[in-house]
Amino acid sequence: MSTEYLSKDILEEVYIRSFSPFYTLEMILGTSRVYVHDRFVMGPTFTQKVYSLICAMITFSMYAYVAVTYFQQYRDYGLLYYAYMALLVFHYINFIANFVHVRFRNTEANAKFYIQMQQLDRLMRLDHGCINNILYLYNVYTVVSSMCIMALVFSSGLFLHYLLAVGFIGICYGILCCTLEWLHCASLLIYFFLRMRFINAILVNYLEGKIFIADAHKCRLPRKRLMRHLAALTNDFELSPVDEYVKALFSTFTDFQNLYRFQLLQFFSIFFVHTLCGFAIEILGAQKGLVNQYTWVEFLDMPTIAACYLLLAVVICVRCEVFQREVKQTKRLCITILSQQYNGNIREKAKRILQTVSACPPELSVYGMWTIRGTVVIHIINVITTLMIAMLQFMIL
Numbered sequence: 189m190s191t192e193y194l195s196k197d198i199l200e201e202v203y204i205r206s207f208s209p210f211y212t213l214e215m216i217l218g219t220s221r222v223y224v225h226d227r228f229v230m231g232p233t234f235t236q237k238v239y240s241l242i243c244a245m246i247t248f249s250m251y252a253y254v255a256v257t258y259f260q261q262y263r264d265y266g267l268l269y270y271a272y273m274a275l276l277v278f279h280y281i282n283f284i285a286n287f288v289h290v291r292f293r294n295t296e297a298n299a300k301f302y303i304q305m306q307q308l309d310r311l312m313r314l315d316h317g318c319i320n321n322i323l324y325l326y327n328v329y330t331v332v333s334s335m336c337i338m339a340l341v342f343s344s345g346l347f348l349h350y351l352l353a354v355g356f357i358g359i360c361y362g363i364l365c366c367t368l369e370w371l372h373c374a375s376l377l378i379y380f381f382l383r384m385r386f387i388n389a390i391l392v393n394y395l396e397g398k399i400f401i402a403d404a405h406k407c408r409l410p411r412k413r414l415m416r417h418l419a420a421l422t423n424d425f426e427l428s429p430v431d432e433y434v435k436a437l438f439s440t441f442t443d444f445q446n447l448y449r450f451q452l453l454q455f456f457s458i459f460f461v462h463t464l465c466g467f468a469i470e471i472l473g474a475q476k477g478l479v480n481q482y483t484w485v486e487f488l489d490m491p492t493i494a495a496c497y498l499l500l501a502v503v504i505c506v507r508c509e510v511f512q513r514e515v516k517q518t519k520r521l522c523i524t525i526l527s528q529q530y531n532g533n534i535r536e537k538a539k540r541i542l543q544t545v546s547a548c549p550p551e552l553s554v555y556g557m558w559t560i561r562g563t564v565v566i567h568i569i570n571v572i573t574t575l576m577i578a579m580l581q582f583m584i585l
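For what it's worth, the numbering used here labels the leading residue of the sequence shown as 189, then goes sequentially.
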């Protein structure tokens, strides 16, 4: 293996740090897609896979414990009991499917993807750390907030019964593993959004002139002025291969879509099923008078988790939308440059960028069934609301 090849695979410390909140927690949970050691990234080791299998078996025993000990009290209520069991089984199937996909499939492709993102940063001269620090702060806030929500859900188990909390550890573990993977997917959308905005900043600097900010290190939000300042430090549209930046970014986004579209399919499936099953359980429990001072926390947990899923769906769709708007902004800026330049290298470069954006626009598609946009979550809410009304009519009328 040559030194040149090794140098391309070595990850920068600031790049590793940007994803460290997710990576650290996923390593503890046994669901990390990759293993980073001495600034090299590789697939999970044999020991890590064994650890993951042990975690999966323990989780299964805890799911079974809750099904046998707690949900048996609803056995005489027929449809309510089956709704509980169906929701529990679907959650575990969702956990196992995600578990196998992230830990045992596409291990080499996942490692290459992280190397590809690092090489993209080097190509775009983004290794100064400011943008990665912004991503790091986003990830810290995301991981901390998700852990707090899971702690609240787990505390409800303690409220109901301390022995039940043992089983709820497994349920919370399964939900947390899947949720972290979906949040990591949303975090990567921020990664692509920041790079696309950086490219647009190079184009704007060419059209309007470069700007510099004295206290740029204090900025914590990716404002356009900050991006223009960072772009002016390392890039110039006339000299930098911006067209290659766009091609490399779109290629990396395609790999991201191939690796994470299964998780997106999982997320929207569990969001759909959990919301409808939880709604049915709430209605049946109210009809049979089971919501009281001892069980209200249990019936409150399911809509709380559904609300968290809804919030996550909004986050994913909004981040896809802002990324798509940055891509559209790239097209508008290229057209503006073409209208000002009638010949020369600048015009050819802008034309190549416009051709790349028009030929293969980066769209986050779920197996070709639908493309995630800002309006997708509205359509999903409409479908779920319609089905809820239909269920309400069948159960009450």
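Simulated from the structure, these hints should not be mistaken for laboratory data. Mixed in with the good hints, there may be bad ones.
As the list claims (entries may be wrong) - Across the chosen pairs, the derived CB separations fall in these ranges: (1) K519 <-> L421: 44 to 52 Å; (2) A547 <-> D226: 38 to 46 Å; (3) R413 <-> D443: 28 to 36 Å; (4) E432 <-> R408: 56 to 64 Å; (5) S546 <-> R411: 46 to 54 Å; (6) E432 <-> A402: 54 to 62 Å; (7) F460 <-> E201: 51 to 59 Å; (8) Q260 <-> L488: 38 to 46 Å; (9) F582 <-> D226: 14 to 22 Å; (10) M273 <-> E432: 52 to 60 Å; (11) I357 <-> M273: 18 to 26 Å; (12) V256 <-> T235: 13 to 21 Å.
Quantities reported herein were computed from a predicted structural model and do not represent experimental measurements. We treat Cβ as the ideally placed atom computed from N, Cα and C, and that holds for glycine.
Status of the hints after comparison with the structure:
1. Judged by the Cβ atoms, the range 44 to 52 Å given for K519 and L421 is violated: they are separated by roughly 25 Å.
2. Under the hint 38 to 46 Å, the C-beta atoms of A547 and D226, about 40 Å apart, fit the expected range.
3. Range check, R413 to D443: Cβ separation about 31 Å, and the 28 to 36 Å hint holds.
4. Take E432 and R408: their Cβ atoms lie about 30 Å apart, and the range 56 to 64 Å is violated.
5. Restraint check, S546 to R411: a C-beta distance of roughly 28 Å breaks the suggested window 46 to 54 Å.
6. Range check, E432 to A402: Cβ separation about 31 Å, and the 54 to 62 Å hint is violated.
7. For F460 and E201, the Cβ-Cβ distance of about 41 Å falls outside the hinted range of 51 to 59 Å, so the restraint is violated.
8. Checked against the hint of 38 to 46 Å, the C-beta distance between Q260 and L488 comes to roughly 21 Å, which is inconsistent with it.
9. A beta carbon spacing of about 60 Å between F582 and D226 contradicts the range 14 to 22 Å that was offered as a hint.
10. Under the hint 52 to 60 Å, the C-beta atoms of M273 and E432, about 54 Å apart, fit the expected range.
11. Range check, I357 to M273: Cβ separation about 19 Å, and the 18 to 26 Å hint holds.
12. Distance hint check for V256 and T235: the Cβ-Cβ separation is about 32 Å, which falls outside the suggested range of 13 to 21 Å.
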